[in-house]
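Spelled out from the first residue to the last, the chains are:
2 protein chains.
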Amino acid sequence: MDIGFVGLGIMGRPMARNLLKAGHRLTVYDPDRPSVDAVAEAGAVPAASAREAAARSRVTITMVPDGPEVEDAILGPEGALAGAAAGTVIVDMSSISPLVAQKVGQACAAKGVEFMDAPVSGGEPKAVDGTLSIMAGGSPEVFDLMRGLFEAMGSSAVLAGPVGAGNVTKLANQIIVAVNIAAMGEALVLATRAGLDPETVYQAIRGGLAGSAVLDAKAPMVIARNFKPGFRIRLHRKDLRNALSAAEAMGVPLPLTGLVEQILVSLVAGGRGDLDHSAIATFAEDMSKTEVRRPG
Amino acid sequence: MDIGFVGLGIMGRPMARNLLKAGHRLTVYDPDRPSVDAVAEAGAVPAASAREAAARSRVTITMVPDGPEVEDAILGPEGALAGAAAGTVIVDMSSISPLVAQKVGQACAAKGVEFMDAPVSGGEPKAVDGTLSIMAGGSPEVFDLMRGLFEAMGSSAVLAGPVGAGNVTKLANQIIVAVNIAAMGEALVLATRAGLDPETVYQAIRGGLAGSAVLDAKAPMVIARNFKPGFRIRLHRKDLRNALSAAEAMGVPLPLTGLVEQILVSLVAGGRGDLDHSAIATFAEDMSKTEVRRPG
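As you go down the protein sequences, you meet chains A and B in turn.
For what it's worth, the working numbering labels the leading residue of the first sequence as 398, then goes sequentially.
For what it's worth, the working numbering labels the leading residue of the second sequence as 398, then goes sequentially.
In short, the hints are calculated from the structure, not lab data.
Hints are supplied without guarantee of correctness; some may be wrong.
[Unchecked claim] Okay, the calculated beta carbon distance ranges per label pair:
1) LYS418(A) x GLU548(B): 49 to 59 Å
2) ARG638(B) x GLY668(A): 29 to 39 Å
3) LYS418(A) x ARG691(B): 35 to 45 Å
4) SER552(A) x ASP399(B): 50 to 60 Å
5) ARG690(A) x ARG544(B): 55 to 65 Å
6) GLN600(B) x GLY545(A): 19 to 29 Å
[What the hints assert, rightly or not] Away from chain A, derived, C-beta distances all over 12 Å, residues of chain B:
7) ILE407
8) ALA439
9) GLY440
10) LEU496
11) GLN503
12) ALA507
13) LYS508
14) VAL525
15) GLY668
Even for Gly, the Cβ is constructed at its ideal location relative to N, Cα and C.
Taking the hints into account, I'd like the entire structure generated from these sequences.
Pasting the structure below:
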């Protein structure tokens, strides 16, 4: 298929490469020229703008940092929608507010262009391996058209509902992950301060109702003082902010999410925005001057 | 072994029965006579007090609702310590503040009686099946002595540290469980209010970093509107209160735990204290007048 790919950052580059490997023809754009060159070497055709990439494509995928960049890449004067023919498809795989996804979807519909939001989870390693989890919002017809492309980039793809539903699902995911990490932090700090070995506590509770993917992935990182990303606190804060603004627009108060979002604001302000989100636990540590480490 | 068992409630009765099945001789006490009779029918010898039960036993186990009842059952004038010979062992399997466990442990040590705190998780079904998870605090020697008894009542037993460590571990567990349920509630309410099917969202996220034992056990209960306990909100609130008071005594602030404890206070005040703790999610539902149900 002729595919446009806009946004060749840490996530976009390996995703574009996996589409090339699957035999698709890619026209790519990113304002950063070395990123374009890296994907062109793998066989992609460079374009001068998102508009030009979309003009040559049946499906144009965007993968950029947040809502403003999505609006620029799709709705801007040099954006994909300006170049997309009626009947073609634009799929935004960035993680953004579902409200922005719906706004972009309406603008596309007004020009006869189909739109789907399809954010991913799994981070750079799973983008490289082509094993991302993809959460999509849009029509069943577009989802069917995208199935092969999603299979090239991910190991699972779920159609969660209409346009915006992909990002709502992603935000639900990010709320749970952030709050679960913060809860783990409080529990491990309490146990460590009481003189217990946090590793023993982790092993004692991981098989029961307190067990979680977060506990198994992040407790060992905290105990080993390894906060190498992985997924950065700065980006998780963006997701929680998007969750809170979307929730507010629907009249949904989220007190725990709000508290954890403010904890992340504090960590970013304290210079920890580029640490892995397991370092959310350091907020509880700092408050009681207690590092979660093994004794001795 | 000659065992005293004090506290024959919903948990204590099946635990005592499993010790009888394993071939131990039990002397039992509970102020509620029918509860004593139920265990006496299975072969236990009734005693007139915890003191009398301990006087006949090598190991005396207590299983009562909270700290004040533990102090009464062990340190009171008719308590186990008054009857226990030097060199015998008292093991409290209730879930209480680690501070109370340490106080009781010191009083026992002053009389030459060994003490262990060994709270459990798993609830009534696992008490009946003898598959509780046991978190112990005390000396390695007492833990070795107790190993066979713990095997009769549970499927796992971990020595987490000295006296008090069992309850610290249990509280770490309860913090994570309560906060994870509350986070799940916010995520599912947001998704449902946005028009998504909460079952689809649950299935889309359960295999990733948001996955947890809480999500798999409790999301289906919330979606099915089934809040039959299980573990009651009232008891989970008691555990969070014990966590906060122990943490405060150690100079450890726990903001998320504090917020969720107050949510549980609100639910108990609203008449929901006897619902399963999955109903923690109803707090987020009420705030936005949105029930987490499948559409249609």
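Can you name, in rising order, the numbers of the hints this structure does not satisfy?
Result: hints 5, 10 break, sorted rising.
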